[in-house]
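Enquirer: Given the coordinates of chain G, work out where chain B should sit on it, guided by the hints.
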Amino acid sequence: MTGRVAVLRGDAVHRVHWRLGTDLLVAVCHCGAERDFEDPVVLWDWLLAHPVGHESGSAPARRQPLAVSAR
Amino acid sequence: MTAFVRDQWYVAAYGHEIGRELFARTVLGEPLVLYRAETGEVVALADRCVHRRYPLSESRLDGDTIICGYHGFTYDKAGTCVAVPGQARIPRTARVPAYPVVERDSFVWVWIGAPDLADEALIPRAPWLVDPGYTTVCGMEPLAARYLLLVDNLLDLSHETYLHGGYIGTPEVAETPITTEVDEDNRTIYVSRHMDDAACPPFYAKSTGIEGRITRWQDIEYRPPCLYLLHSRVAPVGVLPEEDGSDPNGFHVEVVYAITPETEHSTHDFWAVARDFALDDQGVSDFLAESNRTVVLQDVTALDILEKVIQAEPDGYQELSVNIDTGGLAARRFLERMAADAAEGARAARV
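If you read the protein sequences in the order shown, they are chains G and B.
Position 47 of the first sequence, counted from 1, bears residue number 47 in this note's numbering, the numbering being contiguous throughout.
Position 281 of the second sequence, counted from 1, bears residue number 281 in this note's numbering, the numbering being contiguous throughout.
Bound conformation, chain G alone:
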């Protein structure tokens, strides 16, 4: 497995890397903010909330109850 892949070159690209050897996802906003997550639902909530919450540190987010349905 190679390291951090970056293919898309636009100015508004969100990236999510699966940290090697762990179960952690690393979310990287186009603004440069970066944060670890254990839950992809919480991760997208944070990424898509840009710029809200993107100026703080990178403490891991804890798993939250999910409220997503296929419907």
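You may find that some hints are simply not true.
If you anchor each label on the Cβ, the simulated ranges turn out as follows [stated by the list, open to error]:
1) Ala12(G) / Lys206(B): 37 to 47 Å
2) Gly316(B) / Leu24(G): 47 to 57 Å
3) Pro85(B) / Ala12(G): 48 to 58 Å
4) Ala12(G) / Ala174(B): 55 to 65 Å
5) Glu41(B) / Gly21(G): 51 to 61 Å
6) Asp247(B) / Gly32(G): 29 to 39 Å
7) Ala49(G) / Gly133(B): 43 to 53 Å
8) Glu34(G) / Thr301(B): 13 to 23 Å
9) Glu55(G) / Ala121(B): 30 to 40 Å
10) Glu175(B) / Arg4(G): 11 to 21 Å
11) Arg92(B) / Cys31(G): 47 to 57 Å
12) Gln318(B) / Cys31(G): 24 to 34 Å
13) Thr22(G) / His16(B): 42 to 52 Å
From chain B, some residues computed to sit far from chain G (all C-beta separations above 10 Å) [what the hints assert, rightly or not]:
14) Tyr35
15) Val82
16) Ala98
17) Gly113
18) Asp247
19) Ser266
20) Arg347
Every beta carbon over 12 Å from chain G, so not counted as near; a handful from chain B, in silico [what the hints assert, rightly or not]:
21) Thr26
22) Asp131
23) Pro248
Hints are computed from structural coordinates only; laboratory data are not their basis.
Glycine included, C-beta positions come from ideal geometry on N, C-alpha and C.
Expert: What follows is chain B alone, placed relative to chain G:
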């Protein structure tokens, strides 16, 4: 449930499906009749006579006009009624909607939404399907499931290991971490899974002739809502592209899906496999066509079951999402936003 995303281009058919016979297909709940005009261009009209809503696809083509098989109302290529039986006056409202159509990359794309917003430049491309440097096999399978289930399926290929073992799945697919990228401006979702040392599934072993383990790259490029591209590269372990970007020792397969909602609970599952090797080998073509159709039908069986499960369950079921779902979750949110934007645009246009 995510609403349909209107004001978008959708694949309604392969170009080779459309000829001088009237052809019916429903897209986003809208019944269409398609045919090829005498000059060669594809025409798409609403498939309901304005008079008593008889399907025009059950009617007759006379030159470039459709004569309704029930009472003879006659429509030209633009959907304008040009003849009404038994009277000279043609009512002003006697017309059926005509849909913008573009034939590109072997597909017939139709615009579903406000016709004045149709911009050909927005159609995502799949150039390999008509590139002489590639050989393509293709098909379409009807899916009795909502299109979102197919999006979910295709954005997370870890299911290959379990649902498609013996065809395209090997243990490494589910075990290898992914990188997910979302480009908001260019409306692209990209999911990369690069396996440095993986077993070679029969799909690639038999078509490429590679013996032993492989370097296998899966790069998904989803252009929501309709077009899905899987850029697949396989090569013997350790064989990588050259520094100048050329890749003479890699085998490249472009797997293309067009995900076209038919109704809220059914989908047209267009699939195509384009390869840049063994271009003239009919045996390889037959093998890839049969193998990929088998894989698609495995998905169809699973998703048809899932659709029934979802329809039977009470509201509020809470799914569990894990790391492999990162791309699928991105796609869902993208589609939800696109549907909301299109609905907002339609509301604004009515004001």
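Enquirer: Now, for every hint given, state plainly whether the structure supports it.
Expert: Results of checking the hints against the structure:
1. Ala12(G) / Lys206(B): 37 to 47 Å: holds, 42 Å
2. Gly316(B) / Leu24(G): 47 to 57 Å: With Cβ atoms ~29 Å apart, the hint is violated.
3. Pro85(B) / Ala12(G): 48 to 58 Å: holds, 57 Å
4. Ala12(G) / Ala174(B): 55 to 65 Å: violated, 31 Å
5. Glu41(B) / Gly21(G): 51 to 61 Å: holds, 56 Å
6. Asp247(B) / Gly32(G): 29 to 39 Å: holds, 32 Å
7. Ala49(G) / Gly133(B): 43 to 53 Å: holds, 44 Å
8. Glu34(G) / Thr301(B): 13 to 23 Å: Distance hint for Glu34(G), Thr301(B) is violated at roughly 41 Å.
9. Glu55(G) / Ala121(B): 30 to 40 Å: Distance hint for Glu55(G), Ala121(B) holds at roughly 37 Å.
10. Glu175(B) / Arg4(G): 11 to 21 Å: Given range 11 to 21 Å: holds, Cβ gap about 19 Å.
11. Arg92(B) / Cys31(G): 47 to 57 Å: holds, 55 Å
12. Gln318(B) / Cys31(G): 24 to 34 Å: holds, 31 Å
13. Thr22(G) / His16(B): 42 to 52 Å: holds, 49 Å
14. Tyr35: For Tyr35(B), whose nearest Cβ neighbour in chain G is about 37 Å away, the distance exceeds 10 Å, so it holds.
15. Val82: Fine: 45 Å to the nearest Cβ keeps Val82(B) off the interface.
16. Ala98: holds, 34 Å
17. Gly113: The assertion about Gly113(B) holds, with a minimum of 24 Å to chain G.
18. Asp247: Holds: least Cβ distance 15 Å, greater than 10 Å.
19. Ser266: Non-interface label on Ser266(B) holds, nearest chain G Cβ at 16 Å vs cutoff 10 Å.
20. Arg347: holds, 23 Å
21. Thr26: holds, 22 Å
22. Asp131: holds, 21 Å
23. Pro248: Per Cβ check, Pro248(B) is outside 12 Å of chain G; nearest 21 Å; holds.
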